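K.L.:
What follows is the residue order along each chain.
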Amino acid sequence: MRYLPLTAEDRKAMLARIGAASIDDFYTDVPEQARLDGPIHDLPMYQGELAVERHVAGLAAKNRTASEGPFFVGCGAYKHHVPATVDHIIQRSEFLTTYTPYQPEIAQGTLQTLFEFQTQVAALTAMDVANASMYDGSTACAEAALMACRATRRKKVVLSGGLHPHYAAATRTLCEAQGIEIVQLPAAVDGELELVKSVDEETACIIGQSPNVFGTITDMTPVAEAAHAEKALFVSVFTEAISLGLVTPPGEMGADIAVGEGQSIGNPLTFGGPYVGLFACTQKLVRQMPGRLCGETEDADGKRGFVLTLSTREQHIRRDKATSNICTNAGLCALAFTAHMTLLGDKGLSQLAALNHEAACDLANALEAIDGVELLTPRFFNEFAFRTSMNAEAVLAMLDEKGVVGGVRASRLMPGDRFDDVIICAATECTTTEDIDAYADALKEIV
Amino acid sequence: MTMNTQGRPTTPSIVANGSGSDSVSGSKGLSQREDLIFEIGTPDTTGVDLPAPKGCKDRLGGVARKDATGLPGLSEPETVRHYVRLSQKNYAIDLGVFSLGSCTMKHNPRLNEKLARLPGFADVHPLQPQYEIQGALELIDQLATWLKTLTGMPAVAMSPKAGAHGELCGMLAIRQALIARGEAGTRKRVLVPASAHGTNPATAIQCGFEVDEIKANERGRVDMEDFRAKLEDTSDIAGIMLTNPNTCGLFETDIREIADLIHEAGGYFYCDGANFNAIVGRVRPGDLGIDAMHINLHKTFSTPHGGGGPGSGPTVLSEALAPFAPVPFIVRGEDGYRLVEDMEGEASDSFGRMCAFHGQMGMFVRALTYMLSHGADGLKQVAEDAVLNANYVQARLKDTMTPAFDGYCMHEALFSDEFTADGIETIDIAKALIDEGYHPMTMYFPLVVHGAMLIEPTETESKAELDRFCESVIAVANRAAAGEDSLKGAPYHAPMRRLDETQAARKPRLKWTPPSPEAIAAE
Amino acid sequence: MTMKFTEDHEWIRVDGDVATVGITKYAAEQLGDVVFVEVPEVGASFSKGDDMAVVESVKAASDVYAPVGGEVTEGNAALADAPETVNEDPEGAGWFAKLKLSDKSELDGLMDADAYAKFCEG
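Chains as they are written, first to last, in the numbering used here: chain R, 1 to 447; chain D, 1 to 523; chain H, 1 to 122.
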């Protein structure tokens with residue numbers, strides 16, 4: 001077995017050194033009826049690389065990839081180009097095969113990149129501070145709701161009708177377990193400002209999203225003001241990090257907490273994970289933050305270095321009083337994010353954001369020109385919703401037959417019949433003019 | 001003769017006081033100085049070549065960013081160098097023994113990385129139509145089958161994104177089961193041993209439970225007398241969270257009885273599966289009477305730790321808890337695999353959704369690849385070699401250091417700081433091991449042992465490597481027993497000396513800020 | 001003005017109706033370098049034994065209990081910027097809060113300096 005260095009002689013010599021007769025001596029604490037006498041049945045025995053590769057590659061071959069043809073699926077995960085350098089960096093042994101930086105003297109590589117990551121996320125979101133990342137955008141959103149309840153000592157959370165339904169569901173799961181009331185506004189393409197009317201003196205926070213799940217972008221300043229008037233917090237969510245290069249960021253709208261999905265920068269689609277949750281807040285709230293934080297300090301020689309800090313918020317010290325049970329961040333995905341962001345710089349990010357927006361504008365122009373297509377999203381970045389007179393699932397299936405993966409039927413995320421005929425589609429820098437033409441031509445024939 | 005005068009002296013000359021001086025560059029040979037990107041890059045630099053935007057009429061409706069991010073960029077070669085230089089300040093499994101107990105730092109096969117990057121997995125979207133991604137669903141289903149078979153459990157929730165997220169999954173399933181029984185309001189008490197990882201009590205609280213701590217006995221296991229006393233009143237018992245093998249590296253001898261008693265009390269048994277690597281292929285937790293257990297794919301099944309994530313924590317569930325599993329899950333039907341995403345029909349009892357999408361697909365591919373490589377026989381050998389290596393380390397160190405408990409251990413060996421001289425602490429030993437070229441053991445955990453040192457070698461260390469490691473540990477331990485003062489200054493040979501964590505916490509600086517004009521003028 | 005002590009290592013110094021509360025020198029030494037203190041807000045009321053404040057070192061967080069019941073008249077705001085004061089002068093400038101006592105008789109159960117010193121020797 002290629003991953004196991006011990007030889008039969010080694011094992012014998014080691015047992016002798018220990019003074020054990022056989023390996024079974026170590027398992028005598030196991031109740032007798034639970035001891036297995038041989039390898040578990042119904043599973044294959046060990047295989048060489050070639051055989052394993054054939055098996056797994058066979059499964060991969062059954063999937064239609066996003067690069068195989070025109071592809072317009074978004075809603076929380078986006079097809080972007082990841083520079084080759086990024087994947088090279090995250091495959092460096094010293095990043096890939098190391099642990100959480102508990103021994104800072106031999107983990108400055110990880111720690112400095114986390115410090116840079118935190119600085120980048122704070123700048124992108126225009127917030128004071130950011131943590132070292134969360135599992136993904138949806139869990140970051142749920143944790144933001146809990147954090148708001150801790151900070152305000154209130155137990156009511158209001159969710160907008162444009163919040164990604166998976167984010168809303170993840171937030172509901174976590175909050176309900178702690179007896180926090182969730183108020184969910186009805187799904188709406190352009191309803192983020194409805195939040196203004198839904199805050200009262202019991203509200204811990206209101207959570208809105210821009211661009212929202214229908215792609216609509218909204219200046220949430222009035223929402224933040226309404227929250228603050230009742231001493232509640234405003235949590236600003238985004239699922240498309242590249243939008244921050246062009247669209248008003250949470251900090252410019254008065255957000256107290258900004259959370260979102262960082263997948264778009266540096267991370268491939270990978271069927272939904274692993275991704276990287278971004279989490280930022282105002283300075284005032286920093287000690288209520290969940291997750292890991294990296295901070296600057298000096299070593300015994302006075303040299304600048306970095307450590308994990310403010311750990312007393314965390315489970316390994318606070319145990320039952322921790323701000324969260326979270327124990328990891330999304331280390332390697334955060335590294336991919338920060339490496340890609342470093343390659344981009346402000347200039348590259350602005351350009352990339354503009355290209356995304358232009359691709360979406362071109363797509364909107366092409367689809368809007370078709371009789372029977374009604375564009376629903378009034379202002380957008382790289383994603384929008386449109387309606388036809390037909391069932392969306394049927395439309396998408398017919399598009400698929402013509403080689404176009406046309407987007408997400410809104411009813412997949414918002415069950416019920418209100419959005420049966422609505423399709424949400426995204427375009428990115430990967431979208432070509434030919435892709436857009438193919439979409440428009442195919443849709444024209446269908447509707 | 002032909003006289004070639006190009007020859008140069010090739011024998012090193014002896015120089016008095018030849019320690020060299022500090023370099024001008026701040027680098028030392030292979031150890032390169034590397035500043036922050038904010039100090040070396042500019043916002044106008046970029047390492048990507050993108051086509052120029054056309055400048056068409058926008059559809060932003062005025063919702064545009066006012067202030068630029070100001071973030072610096074670097075050219076591609078500068079970027080590569082930045083991260084490669086930083087990488088060289090990290091210790092890693094690929095470099096040497098990473099003895100961090102309870103973290104299972106084993107070799108990460110590169111085949112796993114290669115296959116996770118196949119476009120058929122890396123380039124598929126979680127919301128594509130399901131008929132386009134049957135291979136992805138099939139892979140998840142195959143992994144689920146392996147996990148169920150290895151644990152002897154009937155169901156598994158695949159979406160939890162890390163171990164702690166898996167704990168949350170299991171405890172939320174228990175909460176939902178209690179709701180279904182109409183007892184959620186009364187059954188609030190969760191028993192948690194004092195030796196438990198901090199995530200256990202934190203998770204219980206996060207699910208709205210109350211934590212009641214059980215004592216450990218002198219053998220490092222659950223104190224059964226205390227446990228029975230906690231069950232005198234069973235009316236408010238929700239369950240127990242127990243790690244097995246436990247955080248002391250020991251198998252809980254009375255686990256069957258614990259399971260029976262907690263069930264009789266009307267509660268559920270959550271098993272923390274963080275240490276499943278010690279028993280995989282030899283013991284099925286399902287045979288021990290558990291109701292839920294998360295499996296850290298990044299420990300037992302070797303998906304890379306990546307400097308602190310991403311993890312993956314699929315959670316196996318008993319018949320009693322299976323109906324409450326979170327959405328989404330995969331069902332195999334006549335015409336292929338199908339995702340159940342909404343809480344209706346077969347998912348109407350589900351406790352809800354834990355995250356967007358379907359879990360850590362990238363980690364699933366790596367874990368399945370690892371399982372297929374080892375097979376049922378290889379995984380059994382994995383557990384046995386891990387336990388053998390740990391016991392070998394314990395046997396070699398026990399005369400120098402103080403074993404926390406008598407007898408054999410499972411996959412990790414635990415010592416207390418009793419053998420050290422006054423004034424020498426566990427942290428000094430850890431830092432001195434850095435100078436020896438090793439990643440230290442876990443320090444000060446579990447809390448039930450004073451000055452704890454928890455060493456987990458894993459099965460992927462050779463005997464020769466372990467022998468060298470033990471010689472270093474013994475040498476450092478002897479210095480600690482002798483009270484050698486120089487230990488307090490360690491490490492001396494790492495990229496950094498000991499860092500001031502007090503300063504970091506008192507005046508937190510959590511991001512880079514531009515130097516003030518005064519500071520610039522002072523330079 | 002005499003100081004009284006609790007078994008949880010808080011001290012209390014009473015001046016008329018108002019008592020000043022902090023953690024003892026012994027506690028400050030045991031905690032190590034204090035990096036953060038959360039003092040209660042003015043107007044907050046506590047019963048004897050309630051969690052009143054939090055004191056943190058790098059690797060530990062401890063709750064400070066109210067030695068007696070009362071209403072907070074002042075919290076030591078200076079500790080926010082200088083938590084090290086708790087190490088430097090725990091029984092003086094490192095005080096946590098001033099309380100208006102609700103029941104003076106609660107002081108009776110507390111230890112005096114000698115008794116506390118013996119208690120710490122254990």
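You may find that some hints are simply not true.
For lysine-lysine, the following DSS-like pairs were computed, each having C-alpha atoms within a straight-line distance of at most 30 Å [unchecked claim]: (1) R:K284 to H:K104; (2) H:K118 to R:K284; (3) R:K284 to H:K98; (4) R:K231 to D:K507; (5) H:K48 to D:K188; (6) D:K488 to H:K59.
Everything labelled a hint here was simulated from the structure, so no lab data went into it. All figures in this text were calculated on a predicted structure; none of them were measured in a lab.
K.L.:
Which of the listed hints are not met by the structure?
P.N.:
Numbers 1 and 2 - these are the hints that the structure violates, sorted from lowest upward.
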